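S.K.: For reference, the chains in residue letters:
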Amino acid sequence: MEKWLEKINWAELLLHAGIWAGKFLLIIILFLIVRSIGRSVINQMFSRAATHRKMPSGRVITLQKLVINMFSYVLIFVFAGIVFKQFGLEIGTLIAGAGVVGLAVGFGAQGLVSDVVTGFFILLEKQMDVGDYVTIGGVDGIIEEVGLRTTHIRSFDGTLNFMPNREISTLANHSRGNMRALVDIGIAYEEDIDTAIQVLQEACDKVKANNENIMEGPSVLGVQTLGASDVVIRIISKTKNGEQWAVERQLRQALKEALDANNIEIPYPHQVEVRKIEK
Amino acid sequence: MEKWLEKINWAELLLHAGIWAGKFLLIIILFLIVRSIGRSVINQMFSRAATHRKMPSGRVITLQKLVINMFSYVLIFVFAGIVFKQFGLEIGTLIAGAGVVGLAVGFGAQGLVSDVVTGFFILLEKQMDVGDYVTIGGVDGIIEEVGLRTTHIRSFDGTLNFMPNREISTLANHSRGNMRALVDIGIAYEEDIDTAIQVLQEACDKVKANNENIMEGPSVLGVQTLGASDVVIRIISKTKNGEQWAVERQLRQALKEALDANNIEIPYPHQVEVRKIEK
Amino acid sequence: MEKWLEKINWAELLLHAGIWAGKFLLIIILFLIVRSIGRSVINQMFSRAATHRKMPSGRVITLQKLVINMFSYVLIFVFAGIVFKQFGLEIGTLIAGAGVVGLAVGFGAQGLVSDVVTGFFILLEKQMDVGDYVTIGGVDGIIEEVGLRTTHIRSFDGTLNFMPNREISTLANHSRGNMRALVDIGIAYEEDIDTAIQVLQEACDKVKANNENIMEGPSVLGVQTLGASDVVIRIISKTKNGEQWAVERQLRQALKEALDANNIEIPYPHQVEVRKIEK
Amino acid sequence: MEKWLEKINWAELLLHAGIWAGKFLLIIILFLIVRSIGRSVINQMFSRAATHRKMPSGRVITLQKLVINMFSYVLIFVFAGIVFKQFGLEIGTLIAGAGVVGLAVGFGAQGLVSDVVTGFFILLEKQMDVGDYVTIGGVDGIIEEVGLRTTHIRSFDGTLNFMPNREISTLANHSRGNMRALVDIGIAYEEDIDTAIQVLQEACDKVKANNENIMEGPSVLGVQTLGASDVVIRIISKTKNGEQWAVERQLRQALKEALDANNIEIPYPHQVEVRKIEK
Amino acid sequence: MEKWLEKINWAELLLHAGIWAGKFLLIIILFLIVRSIGRSVINQMFSRAATHRKMPSGRVITLQKLVINMFSYVLIFVFAGIVFKQFGLEIGTLIAGAGVVGLAVGFGAQGLVSDVVTGFFILLEKQMDVGDYVTIGGVDGIIEEVGLRTTHIRSFDGTLNFMPNREISTLANHSRGNMRALVDIGIAYEEDIDTAIQVLQEACDKVKANNENIMEGPSVLGVQTLGASDVVIRIISKTKNGEQWAVERQLRQALKEALDANNIEIPYPHQVEVRKIEK
Amino acid sequence: MEKWLEKINWAELLLHAGIWAGKFLLIIILFLIVRSIGRSVINQMFSRAATHRKMPSGRVITLQKLVINMFSYVLIFVFAGIVFKQFGLEIGTLIAGAGVVGLAVGFGAQGLVSDVVTGFFILLEKQMDVGDYVTIGGVDGIIEEVGLRTTHIRSFDGTLNFMPNREISTLANHSRGNMRALVDIGIAYEEDIDTAIQVLQEACDKVKANNENIMEGPSVLGVQTLGASDVVIRIISKTKNGEQWAVERQLRQALKEALDANNIEIPYPHQVEVRKIEK
Amino acid sequence: MEKWLEKINWAELLLHAGIWAGKFLLIIILFLIVRSIGRSVINQMFSRAATHRKMPSGRVITLQKLVINMFSYVLIFVFAGIVFKQFGLEIGTLIAGAGVVGLAVGFGAQGLVSDVVTGFFILLEKQMDVGDYVTIGGVDGIIEEVGLRTTHIRSFDGTLNFMPNREISTLANHSRGNMRALVDIGIAYEEDIDTAIQVLQEACDKVKANNENIMEGPSVLGVQTLGASDVVIRIISKTKNGEQWAVERQLRQALKEALDANNIEIPYPHQVEVRKIEK
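Going down the list, the sequences are from chains A, B, C, D, E, F and G. At position 120 of the first sequence (counting the first as 1) the number is 120 in full-length UniProt numbering, and the numbers step up by one without a gap. At position 225 of the second sequence (counting the first as 1) the number is 225 in full-length UniProt numbering, and the numbers step up by one without a gap. At position 122 of the third sequence (counting the first as 1) the number is 122 in full-length UniProt numbering, and the numbers step up by one without a gap. At position 170 of the fourth sequence (counting the first as 1) the number is 170 in full-length UniProt numbering, and the numbers step up by one without a gap. At position 221 of the fifth sequence (counting the first as 1) the number is 221 in full-length UniProt numbering, and the numbers step up by one without a gap. At position 272 of the sixth sequence (counting the first as 1) the number is 272 in full-length UniProt numbering, and the numbers step up by one without a gap. At position 76 of the seventh sequence (counting the first as 1) the number is 76 in full-length UniProt numbering, and the numbers step up by one without a gap.
So here's chain A without its partners, still in its complex pose (with noise of 0.2 Å):
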C-alpha cells in the first residue's frame, strides 16, 4: 500500500478513467434493466394470486410491497458488489476488516440491524397491514408499505412519513376489531340526574335504531365527575371498526337536541361574583 501514491502513470490514469466510465455505464444500464423486469414478474404473480385465491387485498398489498422491497435491496447489493469488484476492491476483506474502522462500522450500523430485525417480526407477527389505522411513536395515520427497514404511513393531513422500524416499539393497532363511541355531557347542578339519565337513553336508543354501524349501546354509564359547574354523564357504545367518529358526531348532536328539547340545562361555567366596592 505504501508505494501505490508514486506508482500513479497520470496519462494512463486518463485513459483507465474512460474505460472505468464506460464499464461504470453498462452496469448501471444492465441494473436497471433487471430491476424493472423483475418487479413486473413480482407485480403480475400476485396480481393473479390476488384474483384466482380471494386473499383479503390489505395482506396481498403487504407481501408484493415487501417482496419487491427485498428483491431491491438484493440486487443493490450484488450489483454494487460487482462494481466495487470493477475496481479491484473485495466486499469480502472490506467487510472483514477488524480494527477501528470495523468497530465504528460496527457501532453505526447496528441501527441498519435492528431495522431488520424488527421489521422481520413486525411482518411474521402480522402486527399490521397495509391499509390498517395505527400510531405509532406520535405518528398517526394510514399504513401504506411496511418494508424491512422502513414502514410508510400517511398521515390523515395528507403527509406521507417514513419511519425506520426500530422506532417501532409499541404499535397502537385501530383497524383491529370493534371501536368505541365515548361521549360526556354536562348537565347543570339544578337538574335532576335520574331525569337526565332516562332523557339521555331514550336519545341514545333512538339513534341506534337508525344506525346499523352501531353495535352495542349506546348506553348511560352515569355520573363520571362532579365538575366545577356542570355534572358530567358519560355515554359509550362499540361500534363497526372505521365508524366511531362518525356515531360520536350523531350521538352529540342527538344527545344536545334532546336535552333542549326537555328543558334541561347544558350549562355555561359558572362564577360566584363576591362584590365589595372600595374607592
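Hints listed in this document are in silico derivations from the structure and should not be mistaken for laboratory results. This structure is a prediction, so every number in the text was calculated from the model and none was measured. Be careful, since some hints might not be right.
Unchecked claim - Covered, in the sense of this in silico footprint (three residues per stretch, anywhere, with C-beta under 8 Å from a C-beta of chain G), are these stretches of chain E:
#1 123-136
#2 219-226
#3 236-250
#4 258-268
Ideal Cβ placement from N, Cα and C applies to all residues, glycine included.
For this one, chain A is given, so just place chains B, C, D, E, F and G on it according to the hints.
M.R.: Here is chains B, C, D, E, F and G on its own, set in the frame of chain A:
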C-alpha cells in the same frame, strides 16, 4: 470467493433458478401443512385440559397462546434452516461469522434477546394472565395474549396494542384483589363541616346497604383540602375488582343528592370583585 | 452439523417424539412435587421462627418470600438443565457459546444481572421490608414482596405493581420514623397577622391535647407567602408514622373553625375591576 | 520511538520546515484545481442530462448535489492521504492502530458511520427530493440539499438548518400527494345545528365552484365537540399539494361571512355570573 | 459435567443436606458474632476520638458510619467466600469465568462499580457530612449516612431516601456558609416608588436591629418587575446558615405591616372591564 | 515495579526534586516563547492574506482562529510528551496500555474524539462562519470562534457560551439568505374582512415604499385563525438578512395606525356574562 | 488460593492485626504531615507570584486551587499504593486484572476519566476562572474552584454546588464582556405610539447621563408585540459586566415615572364584557 462472479454460467443459472423455485415452493407448502397440524393438535390438547381439570380460564388461554407462539417460532427457524441449506448457506458459519457483521448483528439483535428474557420472567412470575386489566408504559387495557416476544393489549377504545416485552418495565396489574373507590366532594366555606360529614356518611351507608360489590366502607375521611372556593371532603371505599368505577358513579350521584336534600351547598368557583370606576 | 437434516429418519422420529413427550411429562410432574414440598417446608420453618423468636413480622415475611423466591429460581434452572440434557443439549456449551449469539445474549441479559445485583443490595442494606409504604420511580404504595429480580408494590387504589429491581434507583421509604403534618392556611390582607397567629396557635394546642399521635408541635411558623389574595400562614407538626394524613385533616378542620369563631376571614381569590363603558 | 526527541537537529529542522511548507502549499493548490475542474464537469453533465431527458428537476438537483458531495469527500481523503504520507505518517497503521486510541476513535466515529448509513438509505428509498416540504425532528422547511452526511433544510423564516443524517428518524414528507384542509368553526348553543350545517355546506359548495385547487369536498362532517361555550362544527376538504393553507384561509372567511349573513352567532367565551353581595 | 445428574445418590444426598445445613448455621452464627463485636469496637473507637480530639461532630459521624459500612461489606464477602467454598464453588473461577455469563455480569455490575467510585470521591472531596442539608437529583433533605454504595437522605416530611451514589451528579449543599433571604413585594402602580422604597428600607433596618442572625442587609434593591397589576420591589439579605426561612418570614410580616401603616397599597390582580350590552 | 518503594533514597530524592523543578521551569518557559512566536506569525500571515486577497472577513477569522487553535493543541501535546519523557514515562506505553485502565480511558475519551470529528465536518461543510447568527441546542447567538473541540457563541444578552462540538446536532444558521418578517393582527368579529384586508395591504405598500431592506411583499395572506375574540389576519414579507426584526416593528406600528385611522377595531379579549342573582 | 482459609492461624492473626494497625497509623500520620507541608509550600509560591507579577487574581486562584487539587490526588494514590503494598496487594495486578471484574471496573470508572478529560480542556481553554458568574446545566452561580474532577459553584442563594466535570456540556459564562439590559414596557392601545417612544427615549437619555456603567444606549427599539391589552415597547442597552440588573431596575423606575408624568397609560389587562341577562 474472488472468482464466483466470473464462474456464473448464465444459461445454467436460469435452469437452476427454476429448480430452486420448485424446491422453495415445496418447502413452503410443507411448512404450511406442518404448522396447521401442529396448531390444531395444541388447541385440542388445551381445550381438553380446560374442560377436564377446570383450571382458571385466563391461565389456560395464556399457556395455550404461549405454546402456539413458541411452536411457530421453532418451526420458522427450522424451515429457514432447511431453506438456507438448500441454497448452500450454512447457518452455523453465518451466525458464528464474527467481525464487523457479527458486531453489528450482535448489537442489533440485543433487543430481541431482551424481549425473550423479559417475556420468560413475566410468564414465570405470573405477572399477568389473559383477561387482566393492566397499565404498561402508558398503555392501558386488557391483555389479549402474552407471548415470548410481544404482548397484545386491547385498549378500552378498541385499539389493539402490540408491545415488545422489553418495553415492559413497571407493570401495573389492576386485576389482583379489591380496588378502591374514591370520591372528593367540595362544600361551601359557610357550611358546618361536622354536619356535612354526618350527612355524607349517612348517604354512604345507604349506598352500601344496596350494593354487594362494596367490600369495605364507604367512609368519610374528613377535610382533604381547604380549596380556593370550597372545603373538599374525601370519601373512600373498597370494592370488588372491576366494580370501582360503577361504585364511584353511584356514590357521586348519591352524595350530591344527599347534600341537595340537606341544603348543603356545593359551591361554584368564587371570586371577590373589588370595584374601582375610572374614566 | 451439515448432514443432520438428511439423517433424520422420519418414522423413528415419531417414536422418539412419543418417548420425549413421556420423559418431559415425568420431569414436569417431579418438578411440581418437589416445588410444593419445598415451599411448605420453608413456610413452616418461618412460621415457627416467627412465633418462637418474636422477630418483627415485616422482616420475617420479607425473608420468607425471598427464600421461596430463590428456591423457585434454583429449582427451575436445575430442572431446565435436566430437560435440556434429556434432549442432548449441553448447557455448558450453550452458555459459553461465544460469537454473535453470545454477544447478543450478553447484552440482552444484562438487565437480568442488574436486577439481581440491585436486589441483593436492597436486601443487604434493609432498604425496605414487606409492609413499608414507599415511593419508587413514580409508583407509590405498600411493599408486598421483595424478590431478587422483582419487587411487588400494592398501590393505594388496589393495583399490584411488578417492578424489576433495576428500575429502583432512589427509594423513598415513608415508614422509617415520625412524619411531618403540614397545613398552609390563607387569611385576608385586612386581618392583623399577630392576632391570627395567636388564634391558630391556640387551636393547634387544643388539637394536640386530644391527639396522642402528635409527637411535636403543631406550631405556627409565620407568614410563608404573600399571595395574590391572601397572607399564607404555615403550621407544621411531627406525628407518629402513618398518622400524618389524619392529623392534617383534623388540623385543617380545627384551624378553619377557629378562624371562623374569631371572625378572621379566609378570603376567596380577589380581583380589582376597573370599569370602562364603551359603545 | 524512545529517541526521537534527542535526534531532532534544530538547524536542519528549520530547513525542513520550509520544504514542508512548500510541499504543503503545492498540494493545496493542486487540490483546489482538481476540485474546481471536477465540479464544473459534474455540473455540466447534469445540466445536459436535465435538458435532454426531461427528468423531474427536484430529483436531478438531488442527484447532482449528491455526486458533488461524494466527489468532494473522496478528494479530501485522497489529498489528506498524500499530505500525511509526505510527513511520513501511514494512514494504514494510523487506522488499524488498535488499543486505547483505537477504542476511543471507534466510539467517537460511530456517529459519522451512522450518518452515512442513514443517508445512503434515505437516498436509496427516495424519501425526499430537493424542494420537498418536510418535518424532521422538530425542524420544518424545504429541502435544499440531501448529502451523504448532512441534509440542509431551509425553514420558512429563512433559517438554513444543517442536520446530520443520523438525527433523521421519522421523516414527514408533506409533498407527496393531496393535502387536507381542515376548519373548525363554533356556533352558539342556541342555534339550530341542522340549519347551521346546511348554511355551512352551501358556503363550502360556493367556494369549491371558484377554486380549482380543491380536489374533494369541502364537506361538513357534523358536531366535533360540545365546547364550553360553543358547538364546534368540523369541515374538511382535499386540496392540491401546497394549496391547503390558501384553501383553509378562503374557507374561514367564506364560512364566517355565511354565518353572519344567516344570523347564526359565533359566540365569545361565556361565563355565568352568580352574584353575592357582601360587606 | 455430563454425568453429575446420574451420579446423585439420593439417600446420601439427604444426609449431606443435613450436614450442609449444620455448617451453614454455624457460619451464620459466627458471622453474627464477629459483626456485632466489630461494630461495637468501631463505635467505641470513634466515641473516644470524638470526646478527646473535639472534631466537628458531623464529620465524626460520617467517618464512623463509613467505617462500619466498609467493615460490613468486607465481612459479608469473606463469609460468602467461606460458604461458597464449603459447597465446593471457587469464587476465583466464578469471577474469572469469561464468555457470555461474564459479559452479562460485567455489564450488569457496572452500576455497582460506579456507585463505589462516585462514593469514594464524594468522601475524599468532603462534599457532604452527616447533618448537612442538601439537594441531590430532586431529593431535598438532611444527610443521615454517607456510604460507599448508598447515601441516606431524610426529607423534611420524614421520608428516608436511599440513593445509590451513581445517581448523585450535581450535589447542592445548603450547609456551607451564609444563606440569602429574598422577599419580593408588590405595590400599586399609583404609589410613589421612592416613598415605598424608603418605607421598606426603614422596616428592614428595624428587623435587622432585633435579629442577630442577619449578617448583611436587608437592603431594598429597587423595581424588579413591572407586573400586570403591581410594581414589584425586591429586598435581599444574608443570614446565618439555616436561618434564611425564619428571616424571610419575619421580613414578610414586617414589610407588609410597614406598607399598611404608611397607607401604601399592596394591590390585588386588576382587570379593566369594558362593557358592551347585547340582546 | 515491586521494589521501587524500597529503593527510594530519601536524601537523593530531595536533590532530584530540585533538578526536576528546574527542568520543568525551563520547559514551561520554552513553551511560552514558542507559543507566542507561533501565534504572532499565524496572525500576521492571515492579516496579509485578508488585505491582499479580499476574502470575506468572516471566513478569514474562522480560519485564523482555527489554525491558532490547532497550533496550540499540537504544541501542548509535544511539550507534554517532553515533560513526561524527562520524568521517565513513555507516552507510547501509556497510551497502548490496554486492560482495565485502557478500557476506562477509551470510553472516557470518546467524547473528545466525537468533538474533533464533528468539528472537522462543521468546518469542511462551512456550516457556520465567525459572525453568523445561529441557534444550536437551545443556545442562540453570534459565533465568536469555531474550534476543533469547542465553538464559542456570544448570546445577545452578552453571555459567552462554550459548546463542545459533539453537542452540535442540528445547527440552525440564521445568516444565510433573506429572512421572513411575519405579523399577525386581530380585528373584531364585527368588522368586514375584505375592507380590513384592503386597508392593511395599503399600509403595507406604504411601508415598502420607504424601506429598501424589504425584498418581497409585505402582502396580506388572509384569515389565519378564527380566534376566541378576534379574526386574525396574517401579513408576511421577505427582508434582507438581519433586518427582519426592524421590519416587523415598523409593520406592527404602521398596521395598528392604519386600522385606527380607518376605525377598524383591534378587540380586547371578550367574554359573554350571563347573570344569575342568588341569595 | 484454595487453601488460604485453612492456613489462617487464628492466634498469629491477632498479633499481625496489631502490627498492621500500627503500620497503618504510621502511614496515615506521614501522609498528613506531607500533605500539610506540600499545601503550605504551594500556597506561599502562589501568593508571592501574585504580588510580584500582578496576574489577574481570578486566574491566580484558579491555578493555585488546581495545583493543590492535583497534589492531593497524586499524594493519595501514592499512599494508597504504599498501604496496599504493606498488606501484600499488588496494584499492578489489581489494575491489569482483566476478566469480569476488569470489565465492570472499566465501565464503572469511565465517568472518572470523562471528568478528568473534560476538566483538562476546560482549564486549557480557560473557559472559566474563579469568581466568574456562570450557568452550567441549570446551575447558576459564582465559580469557587475549578478542579480536575469537580467544579464548585456558589449559587446566589448561598448553596455550594459540587458538579462533576463530565456534567458540564454547554458552559454559559456571564463574566466575559459587556452585558445587555432589556426592558419591555406596555402602553395602552389608545396612546400615540410615536409620542410614547419620544417620551421613553428622553427618559433613557436622562438615565444614561447619570450612570457611567451604561456603555451603549439605552435606545427605544419600537413596537415589539401587539399584546392582548397593551402595545409593548422594547428598550435595550449595553452595560458594564455585572451592572445589567442595577441598570434594568433604574430604567424600569425612570420609564414608569416618565410615562406617568406625561399621562401615558400603562394598562391593566382588559376584557370586554358582553352582558346577557337570563333567568
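S.K.: Can you give the numbers of the hints that this structure goes against, from lowest to highest?
M.R.: Violated: hint 4 alone.
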